[in-house]
Amino acid sequence: MQTDSLLTLKLPEDYSFSDLKIRRCVDDAIDLDMDLVKLVCHLNGLDFDKVCQNPGPVVTTILTVWYKSHLAEGGEPDVLMEELRSQGQRLN
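Once you know that position 19 of the sequence shown is 3 in my numbering, the rest is easy, because the numbers rise by one and skip nothing.
Mixed in with the good hints there might be a few duds.
Using 25 Å as the maximum straight-line C-alpha spacing, the simulated PhoX-like pairs for lysine-lysine come out as follows [as the list claims (entries may be wrong)]: (1) Lys5 - Lys(-6); (2) Lys5 - Lys34; (3) Lys34 - Lys22; (4) Lys22 - Lys5; (5) Lys52 - Lys(-6); (6) Lys(-6) - Lys34; (7) Lys52 - Lys22; (8) Lys52 - Lys5; (9) Lys22 - Lys(-6).
These are computed hints drawn from the structure, not numbers from a lab.
All chains, full assembly: derive it from the sequences and hints.
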């Protein structure tokens, strides 16, 4: 189980941060594998349908916690995540 100062999340053991396949869209939105987000929601008892109504807070938390864990385990920095961190978007 990985933790963040604001939330404790269970992350799927059979997946890595790169499996989220995050990318920036044309409109500066972030796209990622929502099936994997659904799995994280399921592991943590979160209602995925409710999360989809306002995904920002939960998705940001998932990205934050998982990326911190990824780096702590010796993972390579992700260009987009580092860009978001430098913008101060609660990903640092």
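Item to complete: Would you mind confirming whether the straight-line C-alpha gap from Lys52 to Lys22 stays at or under 25 Å?
Response: holds, 20 Å
Worksheet item: Regarding the pair Lys34 and Lys22, is the alpha-carbon distance no greater than 25 Å?
Response: Holds. Lys34 to Lys22 sits at ~11 Å (cutoff 25 Å).
Worksheet entry | Restraint status (C-alpha distance of Lys(-6) to Lys34 at most 25 Å) | Roughly 18 Å separates the two Cα atoms, so the pair holds.
Practice prompt. Starting from Lys22, check that the Cα of Lys5 is at most 25 Å away, please.
Written response: holds, 14 Å
Worksheet item: Lys5 and Lys(-6): Cα distance at most 25 Å?
Response: Judged against 25 Å, a Cα distance of about 19 Å means the pair holds.
Item to complete: Measure nothing beyond the straight line between the CA atoms of Lys5 and Lys34; if it is 25 Å or shorter, mark the hint as holding.
Response: holds, 22 Å
Fill in: Given hint Lys5 paired with Lys52 - CA-CA distance at most 25 Å
holds, 16 Å
Worksheet entry | Holds or violated: Lys22 to Lys(-6), with C-alpha atoms at most 25 Å apart | holds, 12 Å
Worksheet item: Under the criterion that the straight-line Cα-Cα distance not exceed 25 Å, is the pair Lys52, Lys(-6) satisfied?
Response: Measuring from Cα to Cα gives roughly 13 Å; hence the hint holds.
Hint violations for this structure: none, all hints satisfied.
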